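Undergrad: Read top to bottom, the protein sequences are chains A and B. Taking numbering that gives the first Met the number 0, the leading residue of the first sequence gets 0, the next gets one more, and so forth. Taking numbering that gives the first Met the number 0, the leading residue of the second sequence gets 0, the next gets one more, and so forth.
Don't read these hints as lab results, they were simulated from the structure. Some hints here could point you the wrong way.
Claimed, not checked - Quick partial rundown of chain B residues pointing at chain A, CB under 10 angstroms, derived from the structure:
1) N10
2) A176
3) P195
4) A208
What you are looking at is a predicted structure, and each value in this text was computed from that prediction instead of being measured. Beta carbons: idealized from backbone N, C-alpha and C, even for Gly.
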Amino acid sequence: MQRKARIKVEKLTYHYGSGQPVLKNISFETGKGECIALIGQNGAGKTTLAKHFNGLHRPSSGKVYIDGIDTTSMKVSELARKVGFVFQNPDHQIFHDTVAREVAFGLRNLRLSRREIEERTAAALEAVGLTEHCRTYPFNLSKGQRQRIALASVLAMQTETIVLDEPTTGQDFRESVQIMEIVRKLNENGHTIIFITHDMSLVARYARRVLVLCRGEILADGDVRSVFAAPEILKKTYLRPPQITNLARCLGRHSIPPDVLGVRELYELLVKMRSEKIGCCS
Amino acid sequence: MAAVAEYISRNSPIHRLNPLTKMIWALSILGVGLLFNDYRYLLALLASVLLVAAAAGVLRSLLPAAAGLTVFALILLLIQALFYGQGQVLFYLVPVSNRLAVTGPGLLSGIAMAARMMALVLSFLIFLATTRTRDIVLTLVEKLKVPYDYAFMFMTALRFIPAFFSEVRQVSEAQQARAYAVEGWNPVKKIRAYAPVAVPLVLLSLNKADQLAMAMETRGYSGGLRTCLREAKMGVADYGLSVLLALLLVGSAAARLAGYGLM
Ligand SMILES: Nc1ncnc2c1ncn2[C@@H]1O[C@H](COP(=O)(O)OP(=O)(O)OP(=O)(O)O)[C@@H](O)[C@H]1O
Ligand SMILES: [Mg+2]
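Chain B with its partners taken away, still in its complex shape (with noise of 0.2 angstroms):
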């Protein structure tokens, strides 16, 4: 849980290029994935996704969320699988009484499915892995021209995935050290038993926000005119690699308008 949305110190290739190009590679996948639902293309396009994390050494780090992934792409799949509904049957869920048929042609829409998701995801969460927030946020304001405060208010959200998971650990750490523990099945006892971890981390979110008012006041926020101190520059790489990408991306609009990948 922890390295989920968390830029990962490394000195790969990947972590030099500049944010727009990442960006651009993680708006390629999106749109290339959206593009076909053939489950051979949408897998080769999730095998890309994890050649670049590896590249980038992060993998291993990505490995958590993409078990975690994992779960809910199993759910597409069974989903997909189970109400698709054409085609020829391969075998029932439940096999005596004939129901819950998955079909052929289901289950590789379901593979597909699956697959474009975790590409989607994971190619998101490599781009944050990364590239450190103050260059997004740089690049969003400067080649973007996103409004600052639309661009740390997005990046604040995100800053606040990890300390977030870290309360949670901390306050329910806290609580059972008081001889605290979830216990029994009754679902009304559960909800009320997360009270002790649910209401630490509500009040210490309010005084987090609150204080990060007060320091961004104190630090000149919305102060007037903003100036940058660094710069993030595209190099050659840079340019070369936004040019491929979008040239793969007219490419594949071309060959599925040629009626490729479709199924």
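Just chain A, with the same shape it has in the complex (with noise of 0.2 angstroms):
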């Protein structure tokens, strides 16, 4: 039984017209349902693979399946249908005078029934708490709320995979959550994530598979735990794990697991060790 992977990168190259290449050899697949972080320093090229999901870049060499199909024989507003993207900058696709109509535009170019697009809006807008925003003039909103505009535009095309592209900077801590709880839920119903941040205690609550790039080439790729666990190869793309597993990794030798990722996870083991010493001293 094959799981059909939903994205699939074989040994892509890319450079920008005749420069370096920016992307080295990358060779990787996404089965459904997944929910990856792409972490890496800046500029290793993160951005830059992950527009190859939807086609606004062509691999200079290598291939990039999309649902098995070779993404160079198709168009990017024909790939938006099975790839969401979601910019770092909001500000580069916000052009209408309200909210809603701002979410649409993405369902009127896909040509749903009016209905079904009055409903996907109003849902999308729910999802990102924009709801008594609707009618509002987006530029009036700020700058994390025009953010949200952009997700709840993305959101509204429902495609199997949403790719993210640093979806919390500028937010504060509980806006940042309430874009990441969106996400999970979006994953939790079956979507595929692919998200971009810097912020590795995002990546340790909410993703389940980490793929580290570094200087256009893949440093590491697998569970999030695992990856953790090992801080030296993060080092090299100036990555530290989040506090929470180094604060674990350095009580290691009291037997707590080096892959620790949540507060309560660590708080739990703790617990349990003193009753297990307490239970043999006594």
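Take the two lone chains and join them into the complex the hints point to.
TA: Encoded structure:
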């Protein structure tokens, strides 16, 4: 029983114009329903790689398949039905006079019926918590709110795969968590998620798999726990595991596993350990 | 598109020249180009400009721009060849009915026009590609006594071009990712279809102008007397070249008065 790959990248190399390659010989696959974090230092090539998933970049050599179809043979506007992309800067896309119209833009491009458009717009605005702003002029909202308009406009398209390029930059902690909770829900509903971020605690909390990029190469690809348990590798791309994982690692000698991801998890381990110790002493 | 009107970092003798010398060079090309209208002279001028580009190591980066220019050059050539109207007819563009005659002198004058246009524009692009913006401003203000406001305005406008193109790309990418496609041949529809790209661009540009103004004020723009940290020195090569270029220009003018290089 072979699981069909949603995105399959084969020996992808890419360079801008005639410059040095920005991505070098990258290969990986994602299955349906995965939640992947793409991390790496500034300029590692994360955005460049992600733009291959919806055809905005075409490989200089190698192949990218979406649902088994080679992207070179498809237009970006066609691929947009399969892969949604939330950009770093929402101001590159907003041009309508109300939030609701902005969200509906993609749906009208998909030529959906009017009722369907209205329903999906309402649902997407509800999901990002902007329902009461549906008639507001987008530029009267804060940058963080505009970021959520951009997110809603992609949500509404209900693509199977959703790519988010640093969706939480410039958001306060509460809004970051809100956005990531939306992402988690999408993932639970079966969407494949790929998100780019510099916030390791978000990775620990929300991703199941991590792709670490360093100067255009994949440094590590695997389970969040196993990647964070090897800080030497992360260091090469100037990343550090979340503090709680570091703490667990330092405590490691006292039989705490080095791949702890959450505060709660460590707390429970500590409590358990204490009770075991007490158990053995008495 | 990306390399148009942008500094390209190399370590060539051309890059090391004083901006003023390069400015004189570009102006000499302009002068010589306008003096003559013989196609041989102008093709030679174009060749010399390309040689300078090669010497500066920016020829390859300028090729896309040059390719873009050839389109205009061909249009010029066509118009000139068609409407010159004198001399022996070489062939007809519409052979059946003997319409749209192309004459020998018309063709040659078309070539001359095209070569002149390419030489002038490329020399300006080479000047920009081999000279840092801040050095241009410095020269304009210190050496040529252009008021700083005007020099600054001019350079900001130039800097805006590459930034604008990169923004055009980003905005159209963002809209395409939302399944947006310019379709069909209906011109009205086409113009309306540009709104998704044009509107964010205008908003971004206004925003940028606003931020630029604020950034300038916070950094003390027009705060009184300006002093310069760096000084653009004229070297021996600069003086030598400037004199040579001046001689070339005078020589060309003399040649032209003596009747050379005319057709
Ligand atoms: N349009 C472009 N033209 C030329 N080079 C580019 C372009 N965009 C990006 N690059 C280069 O490609 C490399 C990778 O850029 P990319 O934007 O993919 O990095 P990133 O990992 O997304 O970084 P960040 O965390 O800062 O968003 C960088 O070295 C950058 O200089
Ligand atoms: Mg990026």
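Undergrad: Run every hint past the structure and note whether it holds.
TA: Hint check:
Because the smallest distance between the Cβ of B/N10 and any Cβ of chain A comes to about 18 angstroms, over 10 angstroms, the interface hint for this residue is violated. The closest approach between the C-beta of B/A176 and any C-beta of chain A is roughly 4 angstroms, which is under the 10 angstroms cut-off, so the hint is satisfied. Hint status for B/P195 relative to chain A: holds, with the closest Cβ pair at about 6 angstroms, below 10 angstroms. Restraint check, B/A208 versus chain A: the minimum CB separation of about 14 angstroms is more than 10 angstroms; hint violated.
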